[in-house]
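The chain contents come next:
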Amino acid sequence: MTIDKPGTKNAKSRNTKSRNLTRRSFLETALAGGAAYVSLAHDMSAFAQAGGSIVIGHHCELTGGFSSWGYWHNKCALAAVKAINDQGGIAGRRVELVTEDTESNPATGTRKLRSLVQRNNAAFIVGSVHSGVMLASIPVATELKTVYFSSGEATEATGEKGTRYSFRTGTDTYGLAAAGAPWAFQNLGKTWTIISPDYAWGHSHYKEHKAIIEKLGGKVHDPIFVPLDAKDLVPYLTKIPQDTEVLFSVFFGALSVAFYTQAKSMGLEKTMKMYSVAGTIEAIAPADLKGAAEGVYIVENFPRMLKYKDDAFHRDYLKAIATDDVHGREAGSDKVNAKSHSWQSWENLFALKAAIEKSGWKTKKDDQGVIEALEGLEMANSLGHAQGSKLLRKEDHSGIIDCYISRVENDELHVKKTVSRTEMAQMMPVRFDLSKQPL
Amino acid sequence: MTDVVFALAINGLVWGLIIALIALGLSIIFGLLDIINVAHGDLFMLGTVGGLVIATATGSFWVAIVLVPIIAFALGLALERFVIRPTIRQAALTIVTTFGLSMMLQEGVRATYGPQPRRMAPPIGGTVPLFGIDYDIYRLFAAIFAALALAAFFVFLNRTKLGTRIRAVRHDPETATALGIPVARVCGITFALGTAMAALGGVIAAPITTVEFRTGVDILPFCFMAVVIGGLGNLQGTVAAAVLLAVMEGLVTSFANPTIARIVSLAIMSGVLLFRPHGLFAGATR
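Note that the protein sequences, when read in sequence, are chains A and B. Quick note: to get the working numbering, add 5 to the position in the first sequence (first position is 1). Quick note: to get the working numbering, add 102 to the position in the second sequence (first position is 1).
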């Protein structure tokens with residue numbers, strides 16, 4: 006809403022208009038207002054007849070270390086809610102999205118999750134992409150008996166720390182290792198070193214990748230864990246063993262930029278292949294790294310370039326979130342989409358829509374039906390699931406999706422290999438069965 | 103192994119000199135105003151962001167390295183006048199005030215400049231072989247520039263009229279007032295100098311590290327360690343402590359986990375607080 010200052014041209018114009026109000030203009034205004042009211046009332050009445058709005062909580066990193074990702078998760082969730090409401094809501098009921106900022110902090114995140122459920126009466130939660138927040142929040146969501154979709158990658162969320170209430174449509178460290186490690190082992194090298202932040206996500210990647218590389222007959226050196234507050238990475242980079250063929254880096258945000266910058270300045274890419282996952286370059290354009298990421302192999306969950314999944318759904322999705330189809334930049338700004346993760350904040354709302362409508366959910370008492378509908382939910386490639394067809398596997402509540410191994414070439418992410426969801430399902434057998442847990 | 107020890111010791115020295123520049127700003131502000139400036143790391147962050155903005159706009163890193171400290175000096179004058187002065191001499195209140203300032207600076211940059219981290223390309227490219235590793239030439243330049251800036255500051259403090267006034271106010275503000283020194287103005291200039299030094303450190307460090315709204319959060323603890331070990335308000339002690347800590351961390355890192363190196367630094371700080379609460383160096387107190 007804008008307010009014109011007194012004395013400005015607009016304000017004067019409006020004053021003049023008000024002085025010139027005639028019976029005709031009054032009737033025109035009144036009729037237009039009446040028509041708008043009737044239309045709005047009809048719209049609200051249609052939603053009201055279906056039982057009022059459904060409140061969905063969004064547990065999002067709007068500030069703090071993950072805010073460059075959170076911005077996109079928020080944007081995608083808002084766009085999804087708009088799209089759903091424009092199509093008549095969920096089961097005829099308007100969706101109301103309530104967003105709380107986790108501040109990228111697990112303690113704050115759990116407090117905000119309680120606020121979403123207990124103060125804002127959120128029936129379902131589209132949750133955090135921050136692994137620490139996610140892992141701290143799942144026990145709280147379970148205690149509050151509330152379905153919690155997370156998009157962080159620590160595999161524990163759909164493994165040993167998962168519950169009947171925790172779901173994830175995207176990949177985790179288990180899935181990313183399954184998607185990329187065998188190909189990288191065959192094509193990049195057999196002796197690996199993993200460098201990552203000293204935090205749940207990095208540890209989880211180390212554990213999952215080590216298992217696969219060693220199973221394939223490769224060698225994995227001791228991991229190099231970097232404190233989250235490190236500024237100078239040279240002391241850590243000098244620890245990389247000389248015989249390393251593949252340097253697997255797992256960083257995010259500022260540490261990621263620092264890693265690529267400092268590794269490049271030390272010329273590490275001359276003696277070893279650089280391999281990583283999309284999280285390392287989320288919300289960052291390779292062009293902004295000024296060549297530091299050139300040649301790096303990256304496992305993506307959703308190709309940044311439209312041409313590697315060129316269909317109407319992908320195009321319409323990019324249009325809905327105002328993102329360009331090459332670099333993932335936002336229209337009118339230089340922000341770069343955290344595209345390999347933020348799609349989940351869009352798709353999770355459509356997954357919930359499908360499950361709510363399939364189960365006939367009306368109130369919290371009917372949550373069991375939604376959970377059972379989500380377990381094993383098949384999602385077809387569509388605008389609601391623009392990343393592609395996928396399965397929300399019944400046993401471990403994990404998304405089984407297509408993955409892409411890309412390489413940074415001329416500041417663009419070019420896909421070199423697509424790993425289909427069928428291959429993914431074969432390479433990541435079920436390890437936990439959450440569907441047998443009591444509700 | 104010996105090569106790595108030397109390489110990491112030199113890298114520690116390089117990083118220590120940059121940190122010393124930032125920590126010196128923190129120390130001079132505490133020494134004169136008794137303010138524990140929790141926002142000092144964010145002033146460093148403003149230097150990194152301002153440096154990138156100006157370098158991008160003008161196409162020259164060298165313009166940024168000149169303009170950023172000048173702009174930061176002006177900002178420092180304004181901050182001292184409108185944020186610091188109303189709470190001065192009330193230590194607890196200044197912590198709250200500067201903490202609030204810190205949040206405002208961070209969120210202000212996040213809201214306007216954006217949350218995404220960025221890279222500033224170094225103005226000097228290339229590497230030199232240094233004890234078995236390819237070492238970034240820019241880092242050596244940054245260390246030399248930081249050392250020159252530190253030397254220039256001490257020359258200013260000891261050889262100019264304004265420097266003499268700053269020392270006089272630090273030593274005894276009441277007598278300085280009686281002698282006609284405009285204490286309030288000297289305090290403002292000192293705070294602005296500390297701000298400019300933090301921002302200058304930001305411009306120098308930007309091509310080595312990352313430019314984003316939280317860059318200053320993690321650098322502050324190391325600066326505080328240097329100030330505590332060097333002696334609160336002891337300027338030479340702060341510089342020496344920053345360099346020694348960074349070299350020591352480099353040396354420890356060559357044969358142990360870098361996290362262990364940081365633990366050693368914290369242990370040293372605890373020891374100093376326990377046995378020499380006024381700092382490691384002689385005459386540490388004001």
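Mixed in with the good hints there might be a few duds.
Said to hold, decoys possible - The calculated label-pair distances, taken between Cβ atoms and stated as ranges, are:
id	chain 1	residue 1	chain 2	residue 2	range
1	B	VAL165	A	SER338	49 to 59 Å
2	A	GLN247	B	PRO379	40 to 50 Å
3	B	ILE362	A	GLY300	28 to 38 Å
4	B	LEU242	A	ASP91	51 to 61 Å
5	B	ALA194	A	LYS421	39 to 49 Å
6	A	ALA112	B	ALA193	43 to 53 Å
7	B	PHE357	A	GLY300	25 to 35 Å
8	A	GLN123	B	GLY265	55 to 65 Å
9	A	ASP330	B	VAL155	24 to 34 Å
10	A	HIS419	B	LEU368	41 to 51 Å
11	B	ALA194	A	ASP371	28 to 38 Å
What the hints assert, rightly or not - Covered by chain B, per the in silico footprint, the following chain A stretches (three or more residues, Cβ under 8 Å):
id	segment
12	90-102
13	110-119
14	256-268
15	287-298
I should point out that these hints are in silico values taken from the structure, not numbers from a laboratory. No residue lacks a Cβ here, since even glycine has one placed at the ideal position from N, Cα and C.
Legend entry - Violating hint indices (sorted, rising): 1, 5, 6, 11, 12 and 13
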